[in-house]
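Trainee: Let the sequences and hints guide you as you build the complete structure.
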Amino acid sequence: MSNTTKEKGFTLIELLVVIAIIGLLSSVVLASLNNARKKGRDARRLADIKQLQLALELYSSDQAATGYPAALSSLVSTYIQAEPKDPSNSAWSYGYSGSATTYCLGARLETTPLPLSASCTPGSQCGGGNCNYLVAP
4 MSNTTKEKGF TLIELLVVIA IIGLLSSVVL ASLNNARKKG RDARRLADIK QLQLALELYS
64 SDQAATGYPA ALSSLVSTYI QAEPKDPSNS AWSYGYSGSA TTYCLGARLE TTPLPLSASC
124 TPGSQCGGGN CNYLVAP
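Take any residue in the sequence shown, count from 1 to its spot, add 3: that is its number in our numbering.
Take the hints with a grain of salt, since some may be wrong.
As the list claims (entries may be wrong) - Restricting the straight-line Cα-Cα distance to at most 25 Å, the calculated cross-link-like pairs of lysine-lysine (PhoX-like) are:
#	residue 1	residue 2
1	LYS88	LYS42
2	LYS53	LYS88
3	LYS53	LYS42
To be verified - Each pair of labels, with its calculated beta carbon distance range:
#	residue 1	residue 2	range
4	SER80	VAL21	56 to 66 Å
5	LYS41	GLY70	27 to 37 Å
6	ALA68	VAL32	55 to 65 Å
Source of the hints: derived by calculation from the structure; they are not laboratory data. Note that the structure is predicted; figures quoted are calculated from it, not measured. Just so you know, even glycine gets a beta-carbon here, dropped at the ideal spot from N, CA and C.
Mentor: So, in C-alpha coordinates, the structure goes:
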(Lines of atoms letter the chains of each structure in order from A and count residues from 1; the text may use other names and numbers.)
(Lines give C-alpha, C1' and ligand atoms only; values in the text may rest on other atoms or scores of the structure.)
Protein backbone atom coordinates (compact mmCIF):
# COMPACT_ATOMS: atom_id res chain seq x y z
CA MET A 1 0.00 0.00 0.00
CA SER A 2 1.26 3.36 -0.86
CA ASN A 3 0.84 6.06 1.65
CA THR A 4 0.35 9.12 -0.56
CA THR A 5 -1.48 12.03 0.88
CA LYS A 6 -2.45 15.02 -1.13
CA GLU A 7 -1.79 18.28 0.59
CA LYS A 8 -4.39 20.90 0.01
CA GLY A 9 -3.32 24.47 -0.70
CA PHE A 10 -1.75 26.71 -3.28
CA THR A 11 1.76 26.51 -4.55
CA LEU A 12 4.11 29.45 -4.32
CA ILE A 13 3.92 30.00 -8.09
CA GLU A 14 0.13 30.17 -8.02
CA LEU A 15 0.21 32.75 -5.22
CA LEU A 16 2.80 34.87 -7.05
CA VAL A 17 0.72 34.83 -10.25
CA VAL A 18 -2.41 35.95 -8.37
CA ILE A 19 -0.50 38.73 -6.57
CA ALA A 20 0.96 39.93 -9.89
CA ILE A 21 -2.49 40.04 -11.51
CA ILE A 22 -3.96 41.95 -8.55
CA GLY A 23 -1.07 44.43 -8.69
CA LEU A 24 -1.55 44.98 -12.42
CA LEU A 25 -5.30 45.53 -12.07
CA SER A 26 -4.88 47.94 -9.16
CA SER A 27 -2.34 50.04 -11.10
CA VAL A 28 -4.79 50.33 -14.03
CA VAL A 29 -7.58 51.41 -11.67
CA LEU A 30 -5.38 54.00 -9.94
CA ALA A 31 -4.23 55.46 -13.26
CA SER A 32 -7.80 55.94 -14.50
CA LEU A 33 -8.86 57.35 -11.13
CA ASN A 34 -6.11 59.97 -11.35
CA ASN A 35 -7.27 60.94 -14.85
CA ALA A 36 -10.86 61.25 -13.61
CA ARG A 37 -9.71 63.59 -10.84
CA LYS A 38 -7.91 65.81 -13.37
CA LYS A 39 -11.05 65.98 -15.51
CA GLY A 40 -13.10 66.85 -12.43
CA ARG A 41 -10.78 69.72 -11.53
CA ASP A 42 -10.93 70.96 -15.13
CA ALA A 43 -14.74 70.86 -15.05
CA ARG A 44 -14.62 72.99 -11.90
CA ARG A 45 -12.28 75.48 -13.61
CA LEU A 46 -14.62 75.78 -16.60
CA ALA A 47 -17.62 76.30 -14.29
CA ASP A 48 -15.70 79.01 -12.42
CA ILE A 49 -14.87 80.74 -15.72
CA LYS A 50 -18.56 80.67 -16.74
CA GLN A 51 -19.54 82.11 -13.34
CA LEU A 52 -16.96 84.89 -13.70
CA GLN A 53 -18.14 85.65 -17.24
CA LEU A 54 -21.72 86.04 -16.01
CA ALA A 55 -20.60 88.27 -13.13
CA LEU A 56 -18.53 90.41 -15.51
CA GLU A 57 -21.49 90.88 -17.85
CA LEU A 58 -23.75 91.84 -14.93
CA TYR A 59 -21.13 94.30 -13.68
CA SER A 60 -20.77 95.83 -17.14
CA SER A 61 -24.54 96.13 -17.46
CA ASP A 62 -24.87 97.83 -14.07
CA GLN A 63 -21.78 100.03 -14.55
CA ALA A 64 -22.38 101.10 -18.14
CA ALA A 65 -20.25 104.21 -17.75
CA THR A 66 -17.12 102.35 -16.60
CA GLY A 67 -17.51 99.03 -18.44
CA TYR A 68 -15.64 95.99 -17.16
CA PRO A 69 -13.71 96.12 -13.87
CA ALA A 70 -9.93 96.39 -13.74
CA ALA A 71 -9.73 93.51 -11.22
CA LEU A 72 -11.89 90.51 -10.32
CA SER A 73 -11.98 91.69 -6.71
CA SER A 74 -14.46 94.40 -7.81
CA LEU A 75 -17.04 91.65 -8.35
CA VAL A 76 -16.87 90.27 -4.81
CA SER A 77 -19.90 90.68 -2.55
CA THR A 78 -22.20 92.16 -5.20
CA TYR A 79 -21.85 89.70 -8.08
CA ILE A 80 -19.97 86.74 -6.59
CA GLN A 81 -19.48 85.63 -2.98
CA ALA A 82 -15.73 85.18 -3.25
CA GLU A 83 -13.08 85.16 -5.92
CA PRO A 84 -12.83 81.53 -7.10
CA LYS A 85 -9.59 79.67 -6.44
CA ASP A 86 -8.07 76.94 -8.55
CA PRO A 87 -9.29 73.53 -7.25
CA SER A 88 -5.83 71.93 -7.21
CA ASN A 89 -3.90 74.67 -5.46
CA SER A 90 -5.47 77.58 -3.60
CA ALA A 91 -2.38 79.74 -4.26
CA TRP A 92 -3.10 79.63 -7.99
CA SER A 93 -5.68 81.92 -9.51
CA TYR A 94 -7.44 82.55 -12.76
CA GLY A 95 -5.84 84.95 -15.21
CA TYR A 96 -7.73 88.19 -15.83
CA SER A 97 -7.28 91.53 -17.49
CA GLY A 98 -10.03 94.04 -18.10
CA SER A 99 -10.66 97.44 -19.58
CA ALA A 100 -13.72 99.57 -20.24
CA THR A 101 -14.62 97.68 -23.42
CA THR A 102 -13.28 94.16 -23.06
CA TYR A 103 -11.84 91.53 -20.72
CA CYS A 104 -9.79 88.36 -20.92
CA LEU A 105 -10.26 85.40 -18.57
CA GLY A 106 -7.90 82.46 -18.55
CA ALA A 107 -7.34 79.16 -16.79
CA ARG A 108 -4.75 76.42 -16.95
CA LEU A 109 -6.37 73.05 -17.70
CA GLU A 110 -4.61 69.82 -16.71
CA THR A 111 -6.06 67.60 -19.42
CA THR A 112 -6.14 68.28 -23.14
CA PRO A 113 -7.09 71.94 -23.41
CA LEU A 114 -10.11 73.04 -25.35
CA PRO A 115 -9.53 75.17 -28.44
CA LEU A 116 -8.90 78.78 -27.48
CA SER A 117 -12.09 80.77 -27.85
CA ALA A 118 -10.20 84.04 -27.60
CA SER A 119 -6.82 85.36 -28.62
CA CYS A 120 -6.19 87.64 -25.69
CA THR A 121 -3.60 87.88 -22.95
CA PRO A 122 -4.69 87.83 -19.32
CA GLY A 123 -2.78 90.12 -17.00
CA SER A 124 -1.66 87.33 -14.67
CA GLN A 125 -0.38 83.84 -15.31
CA CYS A 126 -2.64 80.87 -14.69
CA GLY A 127 -1.59 78.33 -12.12
CA GLY A 128 2.13 78.92 -12.30
CA GLY A 129 2.21 78.71 -16.09
CA ASN A 130 0.58 79.99 -19.22
CA CYS A 131 -3.19 79.92 -19.59
CA ASN A 132 -4.25 77.25 -22.08
CA TYR A 133 -7.96 78.16 -21.97
CA LEU A 134 -8.99 81.75 -22.68
CA VAL A 135 -12.34 83.50 -23.03
CA ALA A 136 -13.35 87.05 -23.91
CA PRO A 137 -16.73 88.71 -24.54
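Trainee: Give a verdict on every hint.
Mentor: Do the hints match the structure? See the list:
{"no.": "1", "hint": "LYS88 <-> LYS42", "in the structure": "holds, 16 Å"}
{"no.": "2", "hint": "LYS53 <-> LYS88", "in the structure": "holds, 14 Å"}
{"no.": "3", "hint": "LYS53 <-> LYS42", "in the structure": "holds, 17 Å"}
{"no.": "4", "hint": "SER80 <-> VAL21: 56 to 66 Å", "in the structure": "holds, 59 Å"}
{"no.": "5", "hint": "LYS41 <-> GLY70: 27 to 37 Å", "in the structure": "holds, 36 Å"}
{"no.": "6", "hint": "ALA68 <-> VAL32: 55 to 65 Å", "in the structure": "holds, 56 Å"}
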